[in-house]
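Residue numbers (my numbering), protein chains in the order written: chain G, 35 to 375; chain S, 35 to 375.
No lab work stands behind these hints, which were simulated from the structure alone. C-beta: ideal position from N, C-alpha, C; glycine also. A few of these clues could be false.
Pairwise CB distance ranges, derived in the manner of DEER restraints [said to hold, decoys possible]:
| # | chain 1 | residue 1 | chain 2 | residue 2 | range |
| --- | --- | --- | --- | --- | --- |
| 1 | G | Thr122 | S | Ala320 | 36 to 42 Å |
| 2 | G | Pro44 | S | Arg61 | 39 to 45 Å |
| 3 | S | Ser256 | G | Val211 | 37 to 43 Å |
| 4 | S | Gln178 | G | His289 | 29 to 35 Å |
| 5 | G | Gly52 | S | Gly237 | 54 to 60 Å |
| 6 | S | Ala151 | G | Asp318 | 51 to 57 Å |
| 7 | G | His111 | S | Glu321 | 52 to 58 Å |
| 8 | S | Asp51 | G | His289 | 32 to 38 Å |
Protein chains: 2
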Amino acid sequence: VRTEPADPIPPTVAWADGAVRLVDQRRLPGTLAFVDCRSVSDVVAAIRNLTVRGAPALGATGAFGVALAAAAGADEHEVTAAAASLRTARPTAVNLAWGVDEVVRAWRAGGTDAAIARAQAIAAADVAANRALGTHGAGLLPPQASVLTHCNAGALACVGYGTALGVIRAAHEGGRVVTVWVDETRPVLQGARLTAWELDRLGIPFRVVVDAVAGSLFAAGSVDAVVVGADRIAANGDVANKIGTYSLAVLARAHAVPFYVAAPTTTVDASITSGAEIPIEVRDGAEVAGAEGARTIPAGARVHNPAFDVTPARLVTALITERGVLHHPDASGIAVLLATA
Amino acid sequence: VRTEPADPIPPTVAWADGAVRLVDQRRLPGTLAFVDCRSVSDVVAAIRNLTVRGAPALGATGAFGVALAAAAGADEHEVTAAAASLRTARPTAVNLAWGVDEVVRAWRAGGTDAAIARAQAIAAADVAANRALGTHGAGLLPPQASVLTHCNAGALACVGYGTALGVIRAAHEGGRVVTVWVDETRPVLQGARLTAWELDRLGIPFRVVVDAVAGSLFAAGSVDAVVVGADRIAANGDVANKIGTYSLAVLARAHAVPFYVAAPTTTVDASITSGAEIPIEVRDGAEVAGAEGARTIPAGARVHNPAFDVTPARLVTALITERGVLHHPDASGIAVLLATA
Chain G
35 VRTEPADPIP PTVAWADGAV RLVDQRRLPG TLAFVDCRSV SDVVAAIRNL
85 TVRGAPALGA TGAFGVALAA AAGADEHEVT AAAASLRTAR PTAVNLAWGV
135 DEVVRAWRAG GTDAAIARAQ AIAAADVAAN RALGTHGAGL LPPQASVLTH
185 CNAGALACVG YGTALGVIRA AHEGGRVVTV WVDETRPVLQ GARLTAWELD
235 RLGIPFRVVV DAVAGSLFAA GSVDAVVVGA DRIAANGDVA NKIGTYSLAV
285 LARAHAVPFY VAAPTTTVDA SITSGAEIPI EVRDGAEVAG AEGARTIPAG
335 ARVHNPAFDV TPARLVTALI TERGVLHHPD ASGIAVLLAT A
Chain S
35 VRTEPADPIP PTVAWADGAV RLVDQRRLPG TLAFVDCRSV SDVVAAIRNL
85 TVRGAPALGA TGAFGVALAA AAGADEHEVT AAAASLRTAR PTAVNLAWGV
135 DEVVRAWRAG GTDAAIARAQ AIAAADVAAN RALGTHGAGL LPPQASVLTH
185 CNAGALACVG YGTALGVIRA AHEGGRVVTV WVDETRPVLQ GARLTAWELD
235 RLGIPFRVVV DAVAGSLFAA GSVDAVVVGA DRIAANGDVA NKIGTYSLAV
285 LARAHAVPFY VAAPTTTVDA SITSGAEIPI EVRDGAEVAG AEGARTIPAG
335 ARVHNPAFDV TPARLVTALI TERGVLHHPD ASGIAVLLAT A
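Please model the complete structure; the sequences and the hints are all you need to start from.
What follows is the structure, given as structure tokens:
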């Protein structure tokens, strides 16, 4: 009897003993530890302080956050307030608001059990979607592929398996020889800390580079494809993702290298016509400047610290989703994708 | 009587009491401290460990290094050995070998006094060249200019005044309103630590960004010009400079923003026909991974850490030198530039 090997990466978000259990991503790669959130304000704090991050993971976390309020016996007013605080904990990833709204709807229809069940279904669907989009995306890579990725769009950015890393993982599992260039992704280093940790656990070969190395890799012909995740995709196919993604898209186009965005369809915000309408979070400059005692910037110097940028659809070779691959995404293609069951 | 105000930035490299006195750039921006090198091996170590860096500064440091050997009474064999160890302390900046060779030649012709005098003349000529190229380059900027720069091509990269920052400084002194986007420049953070420190001292407004922000600034129309330095320029105008420079050149071209390289003509290596022949230093991955206790990358993970990249001449809008501005640099333009007294 052949059994599936245990996933070497635990679920990023889970419902455990009436709490929302999160991998503490601030402590990786040094320590794999968990944080149990027992109140909505715990969940909001965990989202804000980056204990949990990544658009699909935020969707599930928001969903479980509402379930937590429901399980605590919240009334309509309290659930609405919890939903509002969760929805606005961070602004850019649309999945967060989506996950919150889904569970509020389930709670109104069926109460606490329905809310918990819906949150758990969202978490399970996330992993299934990522496995599906991984399989779709793996087919786009050549048999021996050198892939560049940015930030962390892995299991840790989702409930499990990953989006961009899901594509890489599926290619690896399918026998393709994939090596990965991992952008360290300043200022929070999600690439160096999280993507490298995942690839190391999965036995997929990789090398970490500072973000500024990418250009020289393209120039040397050392990148066969770029695969990244997304925080929000507008109805016209424009993509908000981690700051630096747009630069990679421009470089990929200049070197005729395909640029792929891997994301579940829940990342599409059909209410927004273009990327210009996506709210871009600007975070505290202290993330860049370092803490007192380890400051790398003169005291008092100003920092501009946007967390995301927008890549126009025209630079996206294909959007890889659980429903299939949308080549050259545009408004009509996105509409067809969303209409597909 | 009007006197020149004292320069708020001390000389990066100077001859002091028979020693080579260097600003310790590893300790900035927190502490302005100096290191006195009293032997050639001290100088080689200071070059290797980045106490001093920047192509023109390395030229002067190499020059003073040979003067140090001469002053210690070295014979032909010892001077030749000192020159060899200085020339190869770091591989990419051509100014280092140039400065060393100049002083060896002076020593052979005129002994110790001639060696010291030649090194001091190189240092003085560096500041004069930077003031001249600064004036030439300032005229290229609009009256209100938002300039992006990368790494540190300031006074600290030279003996004084700076190349790319010399252009910005001359524009500022000439009454133009210049604001600067400062790339932090991972992994060693020469932008965040050194360029920000210089601009702060000079009272020129600036904001620090992580390197991956540049694309979004171009997309928003927030950059009027890119001005960077150079570590070596080939005879065809290809430019080796800090890793990440090439990405900025591609982004600038994609957004129709001028991309300027500011460097003294001593940075041109006429013996090299194209950038493909420039040796690119690959440094220890520990610079990227962090030290034990503050490691940001899983133990054992591999890092690729090239310190420089090559920007092809076709992406350079103009080369700004002490002899004037060479628009659209190519082999014939570089040849004319080098023939100009």
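**Prompt:** For this structure, which hints from the list above don't hold up?
**Reply:** 8
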